[in-house]
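Chemist: Spelled out from the first residue to the last, the chains are:
2 protein chains.
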Amino acid sequence: MGEFDLIARYFSNIGVKRTDVSIGVGDDGAVLQVRDGYDIVVTTDTMVAGTHFFPDVDPRALGHKLVAVNVSDLAAMGAEPTWLSLAMTLPSADESWLAQFAAGLHETAEYYNCQLIGGDTTRGPLSFSMMAKGQVPRGKAITRAGAKVGDYIYVTGTLGDAALGLKWVQGQCEISKKHQGHVLQRFHYPSPRVALGQALRNTASSAMDISDGLAGDLPHILRRSGVGAYVDIQRLPMSQALKDSCTAEEAMHLALSGGEDYELLFTVPENRRGSLDVLLSPYGVPITCIGRITGAVGKLELKTGEQPYAYQHQGFQHFL
Amino acid sequence: MGEFDLIARYFSNIGVKRTDVSIGVGDDGAVLQVRDGYDIVVTTDTMVAGTHFFPDVDPRALGHKLVAVNVSDLAAMGAEPTWLSLAMTLPSADESWLAQFAAGLHETAEYYNCQLIGGDTTRGPLSFSMMAKGQVPRGKAITRAGAKVGDYIYVTGTLGDAALGLKWVQGQCEISKKHQGHVLQRFHYPSPRVALGQALRNTASSAMDISDGLAGDLPHILRRSGVGAYVDIQRLPMSQALKDSCTAEEAMHLALSGGEDYELLFTVPENRRGSLDVLLSPYGVPITCIGRITGAVGKLELKTGEQPYAYQHQGFQHFL
Chain R
1 MGEFDLIARY
11 FSNIGVKRTD
21 VSIGVGDDGA
31 VLQVRDGYDI
41 VVTTDTMVAG
51 THFFPDVDPR
61 ALGHKLVAVN
71 VSDLAAMGAE
81 PTWLSLAMTL
91 PSADESWLAQ
101 FAAGLHETAE
111 YYNCQLIGGD
121 TTRGPLSFSM
131 MAKGQVPRGK
141 AITRAGAKVG
151 DYIYVTGTLG
161 DAALGLKWVQ
171 GQCEISKKHQ
181 GHVLQRFHYP
191 SPRVALGQAL
201 RNTASSAMDI
211 SDGLAGDLPH
221 ILRRSGVGAY
231 VDIQRLPMSQ
241 ALKDSCTAEE
251 AMHLALSGGE
261 DYELLFTVPE
271 NRRGSLDVLL
281 SPYGVPITCI
291 GRITGAVGKL
301 ELKTGEQPYA
311 YQHQGFQHFL
Chain Z
1 MGEFDLIARY
11 FSNIGVKRTD
21 VSIGVGDDGA
31 VLQVRDGYDI
41 VVTTDTMVAG
51 THFFPDVDPR
61 ALGHKLVAVN
71 VSDLAAMGAE
81 PTWLSLAMTL
91 PSADESWLAQ
101 FAAGLHETAE
111 YYNCQLIGGD
121 TTRGPLSFSM
131 MAKGQVPRGK
141 AITRAGAKVG
151 DYIYVTGTLG
161 DAALGLKWVQ
171 GQCEISKKHQ
181 GHVLQRFHYP
191 SPRVALGQAL
201 RNTASSAMDI
211 SDGLAGDLPH
221 ILRRSGVGAY
231 VDIQRLPMSQ
241 ALKDSCTAEE
251 AMHLALSGGE
261 DYELLFTVPE
271 NRRGSLDVLL
281 SPYGVPITCI
291 GRITGAVGKL
301 ELKTGEQPYA
311 YQHQGFQHFL
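Same order as they appear, the protein sequences are chains R and Z. UniProt numbering puts the last residue of the first sequence at 320; the count rises by one with no breaks. UniProt numbering puts the last residue of the second sequence at 320; the count rises by one with no breaks.
If you're looking for bench data, these hints aren't it; they were derived computationally from the structure. From a predicted model like this one, the values you see are computed outputs, not experimental measurements. Do not take every clue at face value.
Ranges of calculated distance between the beta carbons of each label pair, as one might list FRET restraints [said to hold, decoys possible]:
{"id": "1", "chain 1": "Z", "residue 1": "Ala310", "chain 2": "R", "residue 2": "Ser12", "range": "25 to 35 Å"}
{"id": "2", "chain 1": "R", "residue 1": "Lys177", "chain 2": "Z", "residue 2": "Thr51", "range": "40 to 50 Å"}
{"id": "3", "chain 1": "R", "residue 1": "Ser12", "chain 2": "Z", "residue 2": "Thr51", "range": "33 to 43 Å"}
{"id": "4", "chain 1": "R", "residue 1": "Glu250", "chain 2": "Z", "residue 2": "Ser12", "range": "44 to 54 Å"}
{"id": "5", "chain 1": "R", "residue 1": "Ala103", "chain 2": "Z", "residue 2": "Pro308", "range": "40 to 50 Å"}
{"id": "6", "chain 1": "Z", "residue 1": "Gly139", "chain 2": "R", "residue 2": "Pro55", "range": "36 to 46 Å"}
{"id": "7", "chain 1": "R", "residue 1": "Pro308", "chain 2": "Z", "residue 2": "Arg138", "range": "31 to 41 Å"}
Glycine included, every Cβ here is placed at the ideal spot set by N, Cα and C.
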């Protein structure tokens, strides 16, 4: 089977059929209709075998994750996900693997109401680059640059679970039977906070998604906004699975630096804080206030109650 | 130097600064303003070391080509190029290599009035995926699907020169001194037909760019349009360099199957054919009528004058 047949077979109908796609897969490019009065938001994430996933990963989980991590970036900007492009580099065409991978892409793209509108397939070392596009009412995108001194800092969900799942998959820790399903789910099938991100459009002063760990990601907001922050680590939301499976210190490390949480990190001015609980209650995702923005430009202070907490972030840095 | 410093240094200011980019590099995603009444056109091309380029390629030429091949897809749809995203996978951070590569990207992005608005950098085997976005007045994109029986088939420029350049670089042929510059330029620095593509919006019934060779690409139009075609190979436009460097048969093979031409292939109905020369004269790119669309669905007949020409296309197929 040649390249074009292969693509036609598995990747022509990924996700929903959107009416704003004039031309999808199969031409020199896709043609897309943007709603009048809306901006588009564009994001890119690459996953390379050996760097971002194990070569023996479940292809369905990989398909899910590739869509999820891209959609999570759109969620962090308050955008509604709409269109996906996929650049695939494959060492060979393993039909059953591709069928499973495509199924994972499809399920997740469909769930988030996205359509795969094009891409490119080439031969080479196994890797995938996905580009996700979304729409947001003009000027309403939430950026990393809007945090102001005094704003409250929030995170959604719980932190550290995906990193715990990775440790377990690698045989580096024990997890009791009752928690195994939860941490595997969090590692393989992250849930981007799409509806919640859109709900924050007029309320959050800044936002981003947590992919490299809170202690690695919050500094991006501080740098872009020209502010500082303190975080009370006693407030970091942790699942029972994390608390039961690690020492307190290890749990704290995973919550701060574990990565792959795909929760939202956002700031809210004091005068909009009162409406948050009502605003977000429909989404069924807990939010937790973990600290405040300060004027100590670029400085992230970690505290435990009133005491400073000495901590060195060890997030993943390429090319150090 | 860490990943973020590296990216900030070389890839923050590639191309022009467009006023329709609200948020560029440095946030979860880019935020872009689409003109009211316009559609966006999106395309993706991946280049993998060892598959699409030699590992010792001049990085500046590679930067150029990556932009050019993406912009060529937009040109084929009649779109105006505006924004680029880049997913880079690098085995290591070679600063002088990256500086040269970034310079190549920048020069070409600037020439075509595009801005690099984001991307992703990861560690792994050397490869690049670029996503180019452009704009076209709503409903005016030129697709592969509009060719009708009786339409005339045209190509821009000359065919086979880039493939000849590749052969020469690989030491597979001799080229006289006076032609070396031309074929190297055609191979390393293709010129996408951007202005001409936009000029064809209301005139061409279908279009695509020639990247895999005429004999491999024209069938895409035939399939999508549900038509057939004949091409008179005596009319294929060839440069003096090609004619002087090969046997007649070899030249014909490179013109039909050589690939990497990045010329436009388009069809024009008889009643719009009269205006073509005047319409296209400002662009300084020759066009040549090479055949006509027929009702023999899916069939491409090659003729030399009135005689059938037996030819087996040998374009590059991944995963055969």
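Chemist: All hints are to be evaluated individually against the structure, with a verdict given for each.
Modeler: Right, here's what the structure says about each hint:
no. : hint                            : verdict
1   : Z/Ala310 - R/Ser12: 25 to 35 Å  : holds (33 Å)
2   : R/Lys177 - Z/Thr51: 40 to 50 Å  : holds (46 Å)
3   : R/Ser12 - Z/Thr51: 33 to 43 Å   : violated (23 Å)
4   : R/Glu250 - Z/Ser12: 44 to 54 Å  : violated (37 Å)
5   : R/Ala103 - Z/Pro308: 40 to 50 Å : holds (45 Å)
6   : Z/Gly139 - R/Pro55: 36 to 46 Å  : holds (45 Å)
7   : R/Pro308 - Z/Arg138: 31 to 41 Å : violated (58 Å)
Checked against the numbered hints above, the structure violates hints 3, 4 and 7; every other hint is satisfied.
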